[in-house]
Amino acid sequence: MTEEPKDTCDVIGSQKTNPSRDKDLAPYIKIKVLFFARARDLTGSTELCLEMPDGSTARDCMNKLLIEFPNLREIYNSMVLALNEEYAPESTILRNKDELAIIPPISGG
Amino acid sequence: MAEEEKVEAEEDLIEILEPSSGPIDLARYVDYVRDPAAGAIATFEGTTRDTFEGKRVVELRYEAYVPMAARRLAAVCAEARAAWPVLRVAVAHRLGTVGVGEASVFVAASAVHRAEAMAACRYVIDEVKASVPIWKKEVYENGEVWKENREFLERREAAVGSVPERKEAACCCGSKVRVDEAATDGKNSAV
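Chains as they are written, first to last, in my numbering: chain A, 1 to 109; chain B, 1001 to 1191.
Calculated directly from the structure, the hints in this document are not laboratory data.
Predicted, not measured: the structure shown is a model, and the values here were computed from it.
Among these hints, one or two may not hold up.
[Claimed, not checked] Pairs of lysine-lysine residues, derived as DSS-like cross-links and limited to a Cα-Cα distance of at most 27 Å, are as follows:
id, chain 1, residue 1, chain 2, residue 2
1, A, Lys30, A, Lys97
2, A, Lys32, B, Lys1137
3, B, Lys1129, B, Lys1055
4, A, Lys32, B, Lys1147
Bound-form chain A, shown alone (with noise of 0.2 Å):
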């Protein structure tokens, strides 16, 4: 459906429709989403911007990237979002240009 994303800060999930021109009836926002690690390797993505509904929360982000990743399944059950450089669980209701992080499993030390 969309093209692999590159190094860049390519726009995935765009609608057909295109609705983020139609703002008063679907405003969207800009949210761009940071690969670490293994995460990284998975996607072969360091880094790219998702176009969301308004009022999306990062589980709905998480969501999407699933569906474009898959294989990010892989580490789904064992890491977690950092929602503008702060952990932040799921449920976080996203605004527009936040930066959402996706964070394996850490292994600092």
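Use these hints to put chain B onto chain A, whose structure you have.
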């Protein structure tokens, strides 16, 4: 200096060292926390091991979500400061390739008395393992693995709860040991 990101909060020195920085200058951090009012300086040096489950480690590569790692480290130092009467805290973590046997992380804390210095030092390294977004890839002769800190998985488990399928994946070695598909065809065979 060569550090990629540097954050100073109160008396804390926090450095995430970029690959070109070379070995950690331990004395720099010890001297940073040195203080005439201090009766103790506690330090922790984390070093890289040469074997994992019998496999010879060729090299280790670290990467970080640098701005978030710096923020987390600053928060961790602040938490240590709130919990114990420490004078100064310094923490450094290397990125990029770290040779076997070298220091990848270093923590130093000073306090009037040793108990507080040691407790704060331990708290900082424990939190680094549990919550600072830094990743280590171990490269073996026949593959490579992104390591996973038990401290992170345990904390995640506690936060997310025990949804059955999640619990299975978050525990123990099932997801811990992984040889990259492209890196080898001898999965788990070399011991």
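A quick look at each hint next to the structure:
no.: 1; hint: A/Lys30 with A/Lys97; verdict: holds (5 Å)
no.: 2; hint: A/Lys32 with B/Lys1137; verdict: holds (25 Å)
no.: 3; hint: B/Lys1129 with B/Lys1055; verdict: holds (22 Å)
no.: 4; hint: A/Lys32 with B/Lys1147; verdict: holds (26 Å)
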